[in-house]
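So the chains spell out like this:
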Amino acid sequence: MTTPASSIVLVLIGSVIGSVGAIFLKSGALVLRPNLSSIVLNWRLALGIITYMLSSILFVKGMSNGELSVLFPMVSLGYICTLAWSRLFFHEVITKAKVMGISLILAGIVCLSLANK
Amino acid sequence: MSTVTITPGAHEVDPAKRRQAALIVACCTLLIAVAQILIKIGANRLSHAGFMATFIGIFTVPPLFAGYCLYGIFTVLFVYALRHGEVSVLYPIIALGYVWVAILSSVVFHESMNPLKIVAIAIIVAGVSVLGWGKS
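Sequences listed follow chains A and B, in order. Quick note on this note's numbering: the first sequence kicks off at 1134 and runs consecutively. Quick note on this note's numbering: the second sequence kicks off at 33 and runs consecutively.
Take every hint as true, because none was put in to throw you off.
For each label pair, taking beta carbons as the anchor points, the in silico distance ranges come out as: (1) ALA98/B / ILE1146/A: 22 to 28 Å; (2) CYS59/B / MET1186/A: 24 to 30 Å; (3) ALA1179/A / ALA98/B: 25 to 31 Å; (4) MET145/B / SER1236/A: 23 to 29 Å.
It is worth saying that the hints were derived from the structure and are not from the lab. Built from N, CA and C at the ideal position, the CB exists for glycine as well.
Just chain B, with the same shape it has in the complex (with noise of 0.2 Å):
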């Protein structure tokens, strides 16, 4: 039906592996949005800050520092599941993040939402999840 290409080190994964690494990406998928919108709020006390203060600003303004070190977190287990895991499957639900943060930024932040920003949101997450098939 399809024809089947093997990559190097792929044949040894097995579908448990693979299922479990999908899953990890997705839960990444909203780490990612939770930092994403820990970041704004920490950046937003930021908005007169100097690019010296700003750097400082990471480490110092909590919300800022904890938005990092989640995607401090994300990164780890993000290498963790590409080792098991098809980077074609996982491209894809990785775009999810985009979809999460559209949502928080909505209901935490009150932004505006049109149709033209929801189908330009769209447009990137299947760039981003066509790149994954590009990748494998």
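Just chain A, with the same shape it has in the complex (with noise of 0.2 Å):
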């Protein structure tokens, strides 16, 4: 059995949806009182949630055909775009490391696409 390229990308983009998730829920957290309403009324929090359900939809939606071993690895795109995110919205700084990483990241998914065939 191999993966169908489908698969790849519903995985993929679940990946980047899920990445904006997480900023929504650490914009929503920043924000945070130690109260009822400000937990519910907090509208990033919400999309945050929203996002989440999105990505997973994806994801499941991805998983139901194709190889595990090819599927589940192509998730650390997600570490990549939580990178990008955090240095435009809250002004992380891109360390050497980070940059590395990234690239091993970048080139595994490559050569993981490859290897399906």
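Hints given; two lone chains; assemble the complex.
Right under this line is the structure:
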């Protein structure tokens, strides 16, 4: 059994959307106060949860065909996106180690899709 | 010998708690791998489902739901571990999850393993580990 390209695309898009969800959750958590209305009325948290759900649907849909050993490591694309969003929205520094990590993960994902004959 | 940088809060971490954090995360990687296998078993039943049916399936297909519950447990444990351990140590451990998933995929689902696939997974494991160093 080989993994269809559509499954790979679904899992990759799911990872990108999931990383956006993480950013909403973080920005929501930053303005959180310890009372119920602050949690319920927090649109950032709500958006974060909705985004996570959407990413789970794409993820499960992608996983429904193809090999887990190919699809699961592809989720690591989310780490790269999280770094990019953190740089954009929270002005976190991209260190040399981060650049190296990103390059390795990208190289791994490319190799993995090549290995999927 | 090496320069030691003190990050805020890091000075109060004691070695026992740090070891405990590493151990928790190591157990977490097994939890993730099992969760992933369950999610795959559940997802296989939804190969012809639409997006709405897939969403409902997350709550109604038992292995899928169980897999996501395990993920929830993992998240709680991981957040606890992050409080007591260092990211630079914990990330390489978390990357172990990819190894377990690869092994379990070939054992449980008889997925093919070829040298390029093994190299690719090893490169991703290295990449995630290196990311952890960049975060400390």
